[in-house]
Amino acid sequence: MSEKQPTIVDVAREAGVSIATVSRAMTGGSISAATREKVEAAMKCLRYRPGAVRSGQKKGGDRCIAAVLSSQTSPYYAAMCEGITAEAARSGYRLLVLSYPEGTSCETVTEDLMDLQPEGALLAGFAVESSVSQDVTRSCLQRIQQAMPLVAIGPPIEGIECARLTSDPSQCVRKAMAHLSMMGHRKIAFVGGDRSARFSVIRENAYYEEGERLGCVRDSTYVMLTGCNAQAGELGVSILLGNHRPQDYPTAIFAINDLVALGAMRELQRSGLNVPRDIALVGCDNAFFAPYLTPALTTVDLHPSEHGRAAVAELIMSINAGHPISFNQSFESSLIVRESCGASMGVRTFDR
Numbered sequence: 006m007s008e009k010q011p012t013i014v015d016v017a018r019e020a021g022v023s024i025a026t027v028s029r030a031m032t033g034g035s036i037s038a039a040t041r042e043k044v045e046a047a048m049k050c051l052r053y054r055p056g057a058v059r060s061g062q063k064k065g066g067d068r069c070i071a072a073v074l075s076s077q078t079s080p081y082y083a084a085m086c087e088g089i090t091a092e093a094a095r096s097g098y099r100l101l102v103l104s105y106p107e108g109t110s111c112e113t114v115t116e117d118l119m120d121l122q123p124e125g126a127l128l129a130g131f132a133v134e135s136s137v138s139q140d141v142t143r144s145c146l147q148r149i150q151q152a153m154p155l156v157a158i159g160p161p162i163e164g165i166e167c168a169r170l171t172s173d174p175s176q177c178v179r180k181a182m183a184h185l186s187m188m189g190h191r192k193i194a195f196v197g198g199d200r201s202a203r204f205s206v207i208r209e210n211a212y213y214e215e216g217e218r219l220g221c222v223r224d225s226t227y228v229m230l231t232g233c234n235a236q237a238g239e240l241g242v243s244i245l246l247g248n249h250r251p252q253d254y255p256t257a258i259f260a261i262n263d264l265v266a267l268g269a270m271r272e273l274q275r276s277g278l279n280v281p282r283d284i285a286l287v288g289c290d291n292a293f294f295a296p297y298l299t300p301a302l303t304t305v306d307l308h309p310s311e312h313g314r315a316a317v318a319e320l321i322m323s324i325n326a327g328h329p330i331s332f333n334q335s336f337e338s339s340l341i342v343r344e345s346c347g348a349s350m351g352v353r354t355f356d357r
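Residue numbers (the working numbering): 6 to 357.
Mixed in with the good hints there might be a few duds.
[Stated by the list, open to error] Below, a list of computed lysine to any residue pairs in the SDA-like style, where the Cα atoms sit at most 25 Å apart:
1. 192 to 275
2. 43 to 334
3. 192 to 18
4. 180 to 80
5. 49 to 354
6. 43 to 332
7. 180 to 49
8. 49 to 250
9. 180 to 83
10. 192 to 171
11. 49 to 349
12. 180 to 250
13. 180 to 21
14. 192 to 104
15. 43 to 18
16. 180 to 224
17. 192 to 232
18. 180 to 349
19. 192 to 250
20. 180 to 164
21. 192 to 246
22. 49 to 91
23. 192 to 234
24. 49 to 19
25. 180 to 344
26. 180 to 41
27. 192 to 165
28. 180 to 43
29. 180 to 327
30. 192 to 344
31. 180 to 225
Treat the hints as calculated values from the structure; they're not laboratory data. In this text the structure is predicted, and so the values were computed from the model without any measurement.
With the sequences and hints as input, model every part of the structure.
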C-alpha cells in the first residue's frame, strides 16, 4: 500500500497558518518572510512537493485538467477562475474551463468530461451545489471520480469522498448579522437566493438561526428568495417595500451576494431611501465593484481566488499520487466593513 501523501491541509496545520497562506507561499503571493519560512519548513518536514514538481512532469503544456464552473460572468466565479488559471499555469498544466448555462443537467457535464478525458476535474457551482436531485448529483460525481481525480469547491455531498474546499456557507450570514445587530438592528431582511442551490438553503437557515440567537424580529415577509443577480435584488426590495408600511420596513438588509446587493441598493435609492441612514445594506463576495458603489458596500469576502488556487494544487497532487485524496477544508471568510452598513453612524436606536 502506498504511503499517504501529505496535503496542503497538513502543511497548513504543521505551520500553524491557514490553507490560503500556504497557497500564497507556494505561488509567490504577498506574505511575510517569517511566515514563508514557517510554511517552507513545514513542507520540508512533511516532504510535501506541490504540483508538477512532485512527479517531475514536463512543463510543455501537454497535460490537461478541466474546471467546471457556473457562469463566468459572476464576479465570484470570475475571481475563482483567476486563481484556478494562475495555479494551473504555474504547475505546467493546460486548463480547460467548462462553463454551462443555467439549467444544464449534471448528466451533461458528466458526459462532457467522459468524452474529453482530462487528467483530473475541478467542479464548482451548480455541478456540486444543486439541491434538486442529490441522488443524481451523487451518481454523476461517483462516475466522474471513477474515471479521474476529482476536487470539489462547495458543501459536502454524502457518499462522495474527494478533496473538498469551501467557505462555510452559513458563516458569511452569521458574521453579517452579528455586525448589524451590534449596530442596533433587530429588523433585518434577507434578499436573494433560491432553494435550488444548497448554499442558498444553508444561508437562509443560518439567517433564521442567527436572527433567533441575536433576538431579531422573525418575519417570513422579510425573506425574498428572488434569485442571485442584480435584477433579483431590485425585485426583492421592490416586493419588500411594497408589502410593508414605511414604519414596518426592515432597518437593514443582508443580500445573498454582491450582485443582489447592487440591485437592492439601486431600488432602495430609487424609492427615495438613503443607504445606510434609512436602511443599512450588507452583501457577500467582496466583488470588484463593491468599494466603488455609493455608498461603498460592506460585504463578506469568501476568498474565491484562494479557493481556486488551493483546489488546483490538490487536484494535481492527487493526479501525481495516483490515488484519490479525500479531505474537507473550510476557509475563513472576512467581513469587510464599508459605508453601506452605517458603521460610521455608530450604534443606533430605531423607533420603527
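Hint by hint, here is what the structure shows:
no.	hint	in the structure
1	192 to 275	holds (21 Å)
2	43 to 334	holds (20 Å)
3	192 to 18	violated (40 Å)
4	180 to 80	holds (21 Å)
5	49 to 354	violated (55 Å)
6	43 to 332	holds (23 Å)
7	180 to 49	violated (36 Å)
8	49 to 250	violated (64 Å)
9	180 to 83	holds (24 Å)
10	192 to 171	violated (29 Å)
11	49 to 349	violated (47 Å)
12	180 to 250	violated (28 Å)
13	180 to 21	holds (24 Å)
14	192 to 104	violated (38 Å)
15	43 to 18	holds (11 Å)
16	180 to 224	holds (20 Å)
17	192 to 232	holds (21 Å)
18	180 to 349	holds (18 Å)
19	192 to 250	holds (14 Å)
20	180 to 164	violated (30 Å)
21	192 to 246	holds (13 Å)
22	49 to 91	holds (24 Å)
23	192 to 234	holds (23 Å)
24	49 to 19	holds (11 Å)
25	180 to 344	holds (16 Å)
26	180 to 41	violated (29 Å)
27	192 to 165	violated (39 Å)
28	180 to 43	violated (30 Å)
29	180 to 327	violated (40 Å)
30	192 to 344	holds (19 Å)
31	180 to 225	holds (21 Å)
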